[in-house]
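Residues per chain, in single letters:
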Amino acid sequence: MKRQIRVTRLLLWFSLFAFVGPGFTYQARTPQVNEEARDFKVFTDRVQKYIKMQKDLKASLPALSPTKDEARIIEHQHALARIIADARRDARQGDIFTPEVAKRFRKIIDRTFLGPEGRLARKTIQPDSPSKILVLHVNDVCPEEILLITTPPTLLLRLPKLPQELVYRIVGHDLTLQDTEARLIVDLIPNVIR
Amino acid sequence: MPAMRRSVFVSCVALAAISLSLYAQELALPLKPDSVRFAVIGDMGTGEKPQYEVAGQMIGDRLKFPFEFVIMLGDNLYDDDGAGSGDYESRFELPYKPLLDAGVKFYAVLGNHDKTNQRFYKPFNMNGQQYYTYKKSNVRFFALDSNYMNPQQLSWLEKELQNSGSDWKICIVHHPLYSSAAFHGSSTELRGVLEPLFVKYGVQVVFAGHDHVYERVKPQKGIYYFTEGASGSLRKGDLRKTALTAVGNDQDRSFMLVEIAGDELYFQTISRTGLTVDSGVIQRVAKITGAAY
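If you read the sequences in order, they're chains A and B.
Heads up, the first sequence is in my numbering, so the first residue is 6 and it goes up one at a time.
Heads up, the second sequence is in my numbering, so the first residue is 14 and it goes up one at a time.
By construction, these hints were calculated from the structure, which means they are not laboratory data.
The beta-carbon is built from N, C-alpha and C at its ideal position, and this holds for glycine as well.
No false leads were slipped in.
Simulated pairs of lysine to aspartate or glutamate, DMTMM-like, Cα-Cα distance not exceeding 25 Å:
#1 A/Lys-73 with B/Glu-102
#2 A/Lys-166 with A/Asp-44
#3 B/Lys-62 with A/Asp-133
#4 B/Lys-128 with B/Asp-100
#5 B/Lys-135 with A/Glu-170
#6 B/Lys-118 with A/Asp-74
#7 B/Lys-128 with A/Glu-80
#8 B/Lys-249 with A/Asp-133
#9 B/Lys-128 with A/Glu-149
#10 A/Lys-128 with B/Asp-251
Pairwise CB distance ranges, derived in the manner of DEER restraints:
#11 B/Asp-276 with A/Lys-137: 49 to 55 Å
#12 B/Gly-116 with A/Ser-65: 33 to 39 Å
#13 B/Lys-148 with A/Val-38: 41 to 47 Å
#14 B/Gln-142 with A/Asp-61: 21 to 27 Å
#15 B/Asp-276 with A/Thr-72: 37 to 43 Å
#16 A/His-178 with B/Gly-205: 21 to 27 Å
#17 B/Gly-116 with A/Ala-42: 49 to 55 Å
#18 B/Glu-61 with A/Glu-105: 47 to 53 Å
Isolated chain A, as found in the complex:
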């Protein structure tokens, strides 16, 4: 009789665990996913805000259509960079890559570069020649001597998508968010490539 009770108790505990266990697991996972989605929503909202401002400012300049005039292309880039930097003169590092967003990005970047396929991603960002160590700031125009480092496609598949006006570029050890037309550093996460 005692043995029967013990077995019944055991079965009850087992059933309880079987029903409740996944619930706990589910509950433990859901907030994490939601937090990530919430952080990325903050990021994409701020990106959209930047894009709106950039488009409004760009509309105040003469439109750049394809031209044979090299000077016009350069002047347009400089003029756009100037008015954006002026409009964002109070912008600080972390305005778009907020601390929470930066933390998420660091995790994704670590997973890409330190994971099983990390060797390939590291090879992708190998520069042609040793690059100068630069200290970058928000609103800097990305220095002209900086070569385009290929942003690993595996990383781009994991990071939040950007509108075509912006790109993720790795410069040295930093991940920068750059305006493609103005070559302006919109925000950055320093020392993210370890």
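Add chain B to chain A, keeping to what the hints say.
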């Protein structure tokens, strides 16, 4: 170099190359009626003498093989001094002046030494886009930006490949998916995202630069890969002859001439001095889709 001296220099180089090319080598291309004819150059924008010599050779060869357009595989304008100006004049307009004057069109992709705003430079025919497509007769070209292969570009490429009814599908990237060169070698990550699309939608040929050598790779999953990254820069002795290599050359600068006629693609790779480095013909194999029988 003042513009006048440059022009005289260009003319001399062009004349010398024309005379050399007329006698130096036989054309290995059939010049069939209504064929699509073009030249391929990569990593050329140094503004130095060898770039002008290759350009002179191209100008000379055009007398025998009147190609209509030129594909540029990136590193169009090196700007290693960081001056900010790509110096479009000495690195593009002057070396290729006779071709530009003759109405030959150039279609560029961006290399890692290029400024992204080159896409607004009209003679590169990028129309402000970092990746784009164009069609010549039965050939569809897909010019890609391999510096930034984001999901949007991959989706765009898939859609364009899917919708293309052209017989020939040719992709152009700066970074080679397969390469035996020691300095860079194969871009394996890029291959991971592009090759499945190339295979799925029947791309037959891929042209790339980046490694400063010439290499024709043995067909990989039925696709022919060429690296022509030596039309201005050269990394002498950089090519390791691996199992991938069908033919390679790392001893001199070169460019390619290509003719597509019906189901055949003829190619000839010519060195700065006019020697034929490689030539051959690729037969198009129709991509069979639908029921598996």
